[in-house]
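Sequences are here, hints too, so could you generate the full structure?
One-letter residues, chain by chain:
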Amino acid sequence: MHAPLLLLGDEAVALGAVHAGISAAYGYPGTPSTEILEVLLRQAKESRSPHVSWTTNEKTALEQGLGTSVVGRRSLVTMKHVGLNVAADPFMSSALVSIHGGLVLVVADDPGMHSSQNEQDSRYFADFAGVPCLEPADAQQAYDMTREAFEISERFHQPVLIRIVTRVAHGKGLVKTAEALPEKPLQKAPAAAPWILIPSNARKQWGERLKNRPELRALMESHPVNELKLENTNRELGVITTGLALAYYRECQSELKRPVSHLHIGAYPFPEQKIRDLAATVKTLIVLEEGYPFVERFLRGVIPPNIEIVGKMSGSIPAQGELTPEIVRKTLGIPSMQGQKLPGGLKLPGRPPQLCPGCPHTDSFHSIKAALASFQPHLVTSDIGCYALGAMPEYNAIETCVCMGASIGMAKGAADAGLHPVVAVLGDSTFLHSGMTALLDAVASNTNMTVMILDNETVAMTGGQTTIVPSPRLKDVVLGLGVSPEHLHVVTTHRKFIEENAKLIRQEVEHPGISVIIAVRECVETAKKKKT
Amino acid sequence: MKYDIVFAGVGGQGILSVAATIASAAISENLHVKQSEVHGMSQRGGAVTGTLRISDSEIHSPLVPLGTADLILSIEPLESLRYLEYLSPEGQLVTAIAPVQNIGTNYPLMEEVLTEIRRLPNSRQIDAERLAREAGSTRAANMVLVGASAAVLPLQPESLRNAVRKLFERKGSSIVEMNLKAFEAGRAAYAE
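Chains as they are written, first to last, in the numbering used here: chain A, 1 to 532; chain B, 1001 to 1192.
It should be emphasised that the hints constitute simulated quantities derived from the structure, not laboratory data.
Be careful, since some hints might not be right.
Simulated pairs of lysine-lysine, DSS-like, Cα-Cα distance not exceeding 30 Å [unchecked claim]: (1) K1181(B) with K531(A); (2) K1171(B) with K528(A); (3) K1166(B) with K531(A); (4) K530(A) with K1002(B).
Fair warning: this is a prediction, and the values are worked out from it, not measured in the lab.
What follows is the structure in structure tokens.
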């Protein structure tokens, strides 16, 4: 046994996967999941194993994980919650194939939207696909559950989804590790048919999965993490916690006036019998969940109607945002402590995130604004990345930000609807992730719009990962998609070229068809890192 | 023993290294540790906060409940005031005084900010930037802050020194020495 290590939840997942003997890991960076693959990349550099790479997007990551599985080896696939939307196609069908080498998908949710455009709860996705889901409450569980997930995946021939949330991913705790397992031998799946999801096979596979359902439910029913503690002295109140909520509950448990029966759920499908056993002893059930009211919503179908449910759907707990120690205390009837106040009542101004001093995007935004000032109305669609900060005052340069790559598709829709000029602004990595397909559509109809790719030569917002296509080759990608060379320009974006670049944007906006301008300059943060 | 710290600063100032150093010292004394950080979007020049909880028994929550923190440790004066509701009535605030002026005219007058800090029941202002410059580089301001907190933390100064050594050993002995000098300057400044 080694001394316990202080690890981020993300680091614990990475180490758990290495100790489970993974042969490969794939992912696309996204807060709060990024550090998992960063740790694995460092490991791979030192020991040349496992194979670790950033991928073009989450869909290609999961497909590569499936490939590892079909030849009998274990792989880890990582992404943030909205990334699973991109990977939804392989994910939903991966539930049907007969997973051979264990496949574990770690999805990091961001309740409270610290760094995200929504706060979707990935437990719904696991339930939708019909795959097992594990939900760690801290770094130790993140390590243990990652290891266990590979066993479950191979036993039930399904991928396993591990759902972490921001405070688990970016929370540090001491982790005790266990002995590392070797890699699995290279060995093709025993039969091909379960991997060929033509309708006749798919029907058979889905039937198999449904047949295995009771065995999976039985496993989770007796899973030690789904722990039920009945307090026979209190027939009034019971508490259900899921995932991280356990930490907040344990924290104030000693302050409860009377002991309370408690069921924790960290492994899904959730244990229905344990829920019924708990419900049979109480009149009111408090449900504490980080994320959507996933368990709460299903409770009505499991427990008798006369039991009161206190949770997000009853309105007792805010339906939006993260749980906090205070929300949990209030729900349990424990008063919160009073902190200190500003003695003189000074009004504290906010300090929102902003583009770094010297950021190349600022110069691009100045050019775009100068170019479009004389065209009213106009539309600037944008995307997911640092440049979304172009929405903030001083710039007020962008008008939309929805999902990866949406800027180009939305620009085409707006142009098709009759607006001119329309400019789509997105980063190099976002373009490669999901913008290329939309640009194909625009090329196919020669849509009257202009795409600005802000090429800062890195995936900046998540800390400067390497882009999948190096900057000098980006031009060839765009040409390959069919944009005419006369209307594809590569320029340097810089304070001294603001007017010159504005002139070029004006010229291309006036061209009645699709045009692309790649505005290049390295991210200041990446440049700084190279120096040190 | 249970000791809760709330960290404050502006993205890029190195507040996470302050938390990492203290956490590493606590672990070397076989204490329980839970830490929470927020990475990503909010790091871009925005307000950054984190928590560190140290205890001789098991800790569950990574977050500190309102009104219970023993210490606010801040690397920027305005930011030091942002999380006062977490500070217990007996809690202490230790902050560096060099402002990060990236919000234009929204930044209050410096004197107003420092007066608020001074009027708190238990606060200490440390000229971390100057002390770090004297130690060799303003980049060591965060280690000045670690030094300043040494007097109030339930940890041995030697554990903190070792943690500083460990954090910088990769960068060579002169960087280690400079940061240790910054640490000692912080300790001395707190004692003044």
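Status of each hint after checking the structure:
no., hint, in the structure
1, K1181(B) with K531(A), "holds, 25 Å"
2, K1171(B) with K528(A), "holds, 17 Å"
3, K1166(B) with K531(A), "holds, 22 Å"
4, K530(A) with K1002(B), "violated, 41 Å"
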